[in-house]
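Visitor: If you're matching them up, the sequences are chains A and B in order. The first sequence finishes on residue 283 if you use this note's numbering, and the numbering steps up by one all the way, no holes. The second sequence finishes on residue 289 if you use this note's numbering, and the numbering steps up by one all the way, no holes.
Heads up, a few of these hints could be off.
[What the hints assert, rightly or not] If you anchor each label on the Cβ, the simulated ranges turn out as follows: (1) B:Glu95 to A:Ile116: 28 to 36 Å; (2) A:Ala106 to B:Arg93: 16 to 24 Å; (3) A:Ile116 to B:Ser71: 33 to 41 Å; (4) B:Gly143 to A:Ala106: 50 to 58 Å; (5) B:Glu173 to A:Pro159: 20 to 28 Å; (6) B:Gly143 to A:Asp46: 40 to 48 Å; (7) B:Arg274 to A:Arg178: 50 to 58 Å; (8) B:Phe150 to A:Gly29: 56 to 64 Å; (9) B:Glu103 to A:Gly174: 40 to 48 Å; (10) B:Ala89 to A:Gln240: 53 to 61 Å; (11) A:Ile219 to B:Glu166: 58 to 66 Å; (12) A:Gly218 to B:Asp109: 20 to 28 Å.
Derived from the structure by calculation, the hints contain no laboratory data. This one's a predicted model, so the numbers in the text were calculated from it and none came from an experiment. Virtual Cβ for every residue (Gly too), placed ideally from N, Cα, C.
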Amino acid sequence: MGKWLGRGFLFSSALCALAVLAVLSIALGEIAGRGLPAFDLAFFTDPSAGAGYDGGVLFEILGTLILIGTALAASLPLAIGLALAATIYLPRPGLRRGALSALYAANAVPSVLIGIGGFIVFVHGLGWGKSWLGGGLLLGLMILPAEAVALIERIEALPRRYLDAAYGLGLTRGQVARSVVLRQSLGGLFSGALLGLARAAGETAPILFAAAVFSGAGIPRGLKESPVLALPYHIFVLAQDSFSPAGERHLWGAALVLLLLVASLSLIALPARLRAHEESRHG
Amino acid sequence: MVETAELSFAAPPAAAALCCAVPEAAAADTALAPAAVETRALGVTHAGRPLLRGIDLRVEDRRVLALVGPSGAGKTTLLSCLNRMIELAPGIRQEGEVFLFGESIARRDADAVRREVGMLFQQPVIFPGSIADNVLFGLRHAGIAPRASFPERLERALGEAALWDEVKDRLREPAASLSVGQQQRLCLARALAVEPRVLLLDEPTSALDPRSTVAIEERIREIAKSRAIVLVTHSLGQARRVADQLACLDRRDGPGGPAGELFECGPCRERLDRPQSRELARFLESERA
């Protein structure tokens, strides 16, 4: 009986995995099939033209990179600080659990609410108008919980004996955090950053309110009133308004570029992530 | 509490607060010097449950004290009180005092205390990195010595741990490539590199083969020429081979529930041959069995 149950469980697990893979493959195949015809050199090197029906997506790519770069730069130090506070500096397990619960709750805040908050604070409150900095900070705020939670989970999986050995040598909490905890949790840091990056790159709502415009922007030259173009917003507007075949080709091309951007960022970080993971396991 | 308090079978349990005697030969040397480590009425509770109660212990400088007793008696807890590692565990409350060379450790910086009271654990703990990285770990990250002194300290620490000859040509190789016995001596070298005045060894040979055990025991005798050592061991043979003093810890019922208490402390061989307390006699019997 147990044997049949085990086989049944294995079979249903394999079936679920295959179903997920099939859906993913169909989606990716569809995007690739519809987006590839838009690809030529000019698509990557030219700015968009003709209400997004013509030209390329150069500034949309650059704008997206600026936004996610800013988001990472703003959120990673905060995520590291939060993770260290929750694991090393908060001595009471109750406080730790409270901090983790708060992070999980923050991770579930809908991005549109973050966008509206950013609109109130950055666009109006601080008078930045639409600005790459406001958008980057909002995206950073949005991905912060995911990054912090991934790092906390990695730190908590770290065997206690490493911390004891370091404390036993007379290292302070800060020194233990730097020399043991962060060093051996780099894999978690990369994972968290990638998770956040993937989410930030595809989010539209926060940048819609605070950072992105559909046309008329290039490389930002200041902080205030310096919007950027961004792939997700570009796709969003084309999907809403495009009724011509040229616009549709452009839309799918931009979607494929966004997909490749996220995938290539993951691939770039993969060797470093694997190396960090191996080092933390085997030394 | 520096006098020896001999405990006989007939002694009432409440009178079991003991200090370790100084061997006669060394008494003259240590008469004026404070003990390397001394605890007075040390007690520990975890979430209100007592773990240790009324521990009075004295460890002389340049001597080895073997701490024996059944599992769960609180030997490791007692060790971690001596360098304030106990404070890292949540829910722990400590009473009584611990002195390091006459100075209360509670009034000192905890990290500085841990630098002076090194610790070696049951299993070797190897950090990612090379053999040299591991030995210099404490020096490098605690920033307690100039970088220029690292090569000399590296050689000295590995020499003290009897590992220099085995690894001097492969200091940049991963520390994880060493055998378990070598890894434990590497951990010993790492602890010695920060030049502690006292060394706490928590069953350091429990995971090692007999050959590696002998190597560690030889090192303990050698290191004890310049430092005080507290050795937790389940091996009475090991205690006999390396320790000057013996202390026996066992659980006893008391206020709040059973907790580890010190039953006997004195010259190691003498106490092993003629135990003064029922608890040590019982422990010896069980170990022999």
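Visitor: Against this structure, judge whether each hint is valid.
Guide: The hints, checked one at a time:
no., hint, result
1, B:Glu95 to A:Ile116: 28 to 36 Å, "55 Å, violated"
2, A:Ala106 to B:Arg93: 16 to 24 Å, "34 Å, violated"
3, A:Ile116 to B:Ser71: 33 to 41 Å, "60 Å, violated"
4, B:Gly143 to A:Ala106: 50 to 58 Å, "36 Å, violated"
5, B:Glu173 to A:Pro159: 20 to 28 Å, "22 Å, holds"
6, B:Gly143 to A:Asp46: 40 to 48 Å, "54 Å, violated"
7, B:Arg274 to A:Arg178: 50 to 58 Å, "52 Å, holds"
8, B:Phe150 to A:Gly29: 56 to 64 Å, "57 Å, holds"
9, B:Glu103 to A:Gly174: 40 to 48 Å, "25 Å, violated"
10, B:Ala89 to A:Gln240: 53 to 61 Å, "58 Å, holds"
11, A:Ile219 to B:Glu166: 58 to 66 Å, "59 Å, holds"
12, A:Gly218 to B:Asp109: 20 to 28 Å, "56 Å, violated"
The structure fails to meet hints 1, 2, 3, 4, 6, 9, 12 from the earlier list, while all remaining hints are met.
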